[in-house]
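Engineer: When you get a sec, could you build the whole thing from the sequences and use the hints?
Residue numbers (the working numbering), protein chains in the order written: chain A, 1 to 249; chain B, 1 to 342.
What the hints contain is simulated information worked out from the structure, not anything from laboratory work. Check the hints yourself; a few may be wrong.
Stated by the list, open to error - Beta-carbon label-pair distances, calculated as ranges: (1) A/K125 - B/I275: 48 to 54 Å; (2) A/S174 - B/G249: 44 to 50 Å; (3) A/G175 - B/E332: 37 to 43 Å; (4) A/M1 - B/E293: 27 to 33 Å; (5) B/E18 - A/K14: 48 to 54 Å; (6) B/K21 - A/Y86: 39 to 45 Å; (7) A/K14 - B/R310: 27 to 33 Å; (8) A/S174 - B/A147: 48 to 54 Å; (9) A/M137 - B/A19: 43 to 49 Å; (10) A/S66 - B/E293: 21 to 27 Å; (11) A/R182 - B/E326: 40 to 46 Å.
Unchecked claim - Looking from chain B toward chain A, a few residues come up when the C-beta cut is under 7 Å (computed): (12) Q300; (13) Q301; (14) G303; (15) I304.
We treat Cβ as the ideally placed atom computed from N, Cα and C, and that holds for glycine.
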Amino acid sequence: MLKINNLHVSVGEKPILKGLTLDVPAGEVHAIMGPNGAGKSTLGYALSGRPGYEATEGAVDWNGESLLDLDPAARAAKGVFLSFQYPIEIPGVPALTFVRTALNAQRRARGEDEVSAPAFLKLVKAASAALKMDFDMLKRPLNVGFSGGEKKRMEILQMALLEPSLLILDETDSGLDIDALRIVSEGVNALRSPDRSMLVITHYQRLLDYIKPDRVHVLAAGRIVASGGPELALKLEAEGYDQYLPAAA
Amino acid sequence: MTALDITDASTFPSRRTEAWKYSDLRRVLKEAPQPSPSGVLNGPGAFDALNGDAIVFVNGVAVGVDAFVASGEQTLRLRFISDATSPEQAGTGHATAVQIAARAGAKLLLLETHEGRGGAYVAHNRLTIDVAPGAEVTRIVLVEEPADAISVTEAQVKVAAGGLYRQTIVATGAKLQRLETHVAHGAEGADVRLDGLYALTGARHTDLTSVVDHLAANGQTSQLTKGVVRDTARGVFQGKIVVERGADGTDARMGHHALILGERAEIDAKPELIIYADDVQCAHGNTVGNLDESALFYMQQRGIPLDEARALLTQAFLIEVVDRIEHEQAREVVRSWLTERL
Chain A
1 MLKINNLHVS VGEKPILKGL TLDVPAGEVH AIMGPNGAGK STLGYALSGR PGYEATEGAV
61 DWNGESLLDL DPAARAAKGV FLSFQYPIEI PGVPALTFVR TALNAQRRAR GEDEVSAPAF
121 LKLVKAASAA LKMDFDMLKR PLNVGFSGGE KKRMEILQMA LLEPSLLILD ETDSGLDIDA
181 LRIVSEGVNA LRSPDRSMLV ITHYQRLLDY IKPDRVHVLA AGRIVASGGP ELALKLEAEG
241 YDQYLPAAA
Chain B
1 MTALDITDAS TFPSRRTEAW KYSDLRRVLK EAPQPSPSGV LNGPGAFDAL NGDAIVFVNG
61 VAVGVDAFVA SGEQTLRLRF ISDATSPEQA GTGHATAVQI AARAGAKLLL LETHEGRGGA
121 YVAHNRLTID VAPGAEVTRI VLVEEPADAI SVTEAQVKVA AGGLYRQTIV ATGAKLQRLE
181 THVAHGAEGA DVRLDGLYAL TGARHTDLTS VVDHLAANGQ TSQLTKGVVR DTARGVFQGK
241 IVVERGADGT DARMGHHALI LGERAEIDAK PELIIYADDV QCAHGNTVGN LDESALFYMQ
301 QRGIPLDEAR ALLTQAFLIE VVDRIEHEQA REVVRSWLTE RL
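Structural biologist: In structure tokens form, the structure reads like this:
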């Protein structure tokens, strides 16, 4: 279970999150919606430990352990996975090498045995087939020259292989056409499980037609200002975020 | 400029000589070193698995032949061994001169290693390489020397009509280490690839200097050099391409890209294109930077610890140069040689 209590995060000198409190129980999918500039991406970066996103106050507990003191790789080994809005291109590192390096680094950090090359290949073949990915693409440098849809599928493939327990999806729908959105959503839905929590960060309701949330939260001006069931997303789609903007408060 | 002769200190260039501005030999070598006593040949060479013929020098003395003429398809391992393991050998100097030629239509794989052992020494190597019409020479150079060694290697390469010359130098630095290559496109349609790679730590210094002279029409030159410097190391890249009058149809491209991974490390880059012909295509690019922060975070987010992420990105950056080596077996030797040293 993820427990965020009164989290304050600054980027540079600028406070972005200003007392955010949120619980995501195991097995649940929570959506974070909000206007541009509300701090949605900052939340994803703060939870995953991006340098420059400094927690100045508050606490983040993941399965009873504080995350804020851990470096990004240690958090990943604890099961935290941030799916990037714009996945990064890594020239010179084949996708297969990248994922295997990541998987084995996580396993080492948890005191588990590394996965052998043949066993890994078998895992990847099954996972890429499920996502209708061309296996040869995985021999190319990670994300270099991939289309927007291919990059997002690559993110889902990594999730499927790394098996994180806390999934943070940052604007996963951006840059996807409707077919790619469906494939990516199916990939995410296949990962829903009673021991996995998901935080779906999105500006638009559209993604939530495909990935059905248990709860919806509105993030505005650095805090959760409203929470509800899936119907809240539809209300936001109809009425917009104006009522939550600081000027209207 | 007088030719360098390590037995005569008056020939040692200082930074006042433009071509040696960043590699002041006189500053590190004030007087001519005593001649090296003989050394010992032991240990395998990096390219032994590729077999072929061999020329071996130990402290300047050829163990067998010191010249080679290739006809047909041949492999030549050229080993420059500097042995300064005993006190008598420390601080001494030795020089070599090698002549290599590839006859018309020959295909030569020249696998060169500079293997330094022990402490300070001064080594000076001169090579002449003649590539006959339609011949093909691939020269791969791995340089590993002690941190307090001084070495200068000069290669004069002549490429005849339709000849092909490919070169990849991989250097790890020394107190002062310079690998200089002069290539003359002597006749029409020569094709040259001149690549380099340096990975330096501590206070090591490497200087990759090249001059490519297009004297005839329709020649091609493609140059890619990449480097990474840490600590207080210093990397020098000087690449000059001259396109003479009448060398129309020349296509010349030069790239130098380096990473500075230490606050006190230094890169000196001097790309030069000097063009006297009209109908040519020439371009050069030069970048010096650091590892991409967002890539480092992305890798860490997936569980790769920071040091490992840095190493992986650095290797990925450099390996592009190795990937350009066409000969598969040689390429794989270079790849693992480099990986072990990063």
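Engineer: Now, for every hint given, state plainly whether the structure supports it.
Structural biologist: Taking the hints in turn, this is what the structure says about them:
1. A/K125 - B/I275: 48 to 54 Å: Distance hint for A/K125, B/I275 holds at roughly 52 Å.
2. A/S174 - B/G249: 44 to 50 Å: Since A/S174 and B/G249 have Cβ atoms about 48 Å apart, the given range 44 to 50 Å holds.
3. A/G175 - B/E332: 37 to 43 Å: holds, 38 Å
4. A/M1 - B/E293: 27 to 33 Å: 32 Å Cβ-Cβ, so the 27 to 33 Å window holds.
5. B/E18 - A/K14: 48 to 54 Å: At roughly 50 Å between Cβ atoms, A/K14 and B/E18 fall inside 48 to 54 Å, so the hint holds.
6. B/K21 - A/Y86: 39 to 45 Å: holds, 43 Å
7. A/K14 - B/R310: 27 to 33 Å: holds, 28 Å
8. A/S174 - B/A147: 48 to 54 Å: holds, 51 Å
9. A/M137 - B/A19: 43 to 49 Å: Holds, since A/M137 and B/A19 (Cβ atoms, about 47 Å apart) stay within the stated range.
10. A/S66 - B/E293: 21 to 27 Å: holds, 25 Å
11. A/R182 - B/E326: 40 to 46 Å: holds, 44 Å
12. Q300: holds, 4 Å
13. Q301: Holds, because the Cβ-Cβ distance from B/Q301 to chain A comes to roughly 5 Å (cut-off 7 Å).
14. G303: Since chain A brings a Cβ to about 4 Å from B/G303, closer than 7 Å, the hint holds.
15. I304: holds, 5 Å
Going through the hint list in order, the structure satisfies each hint without exception.
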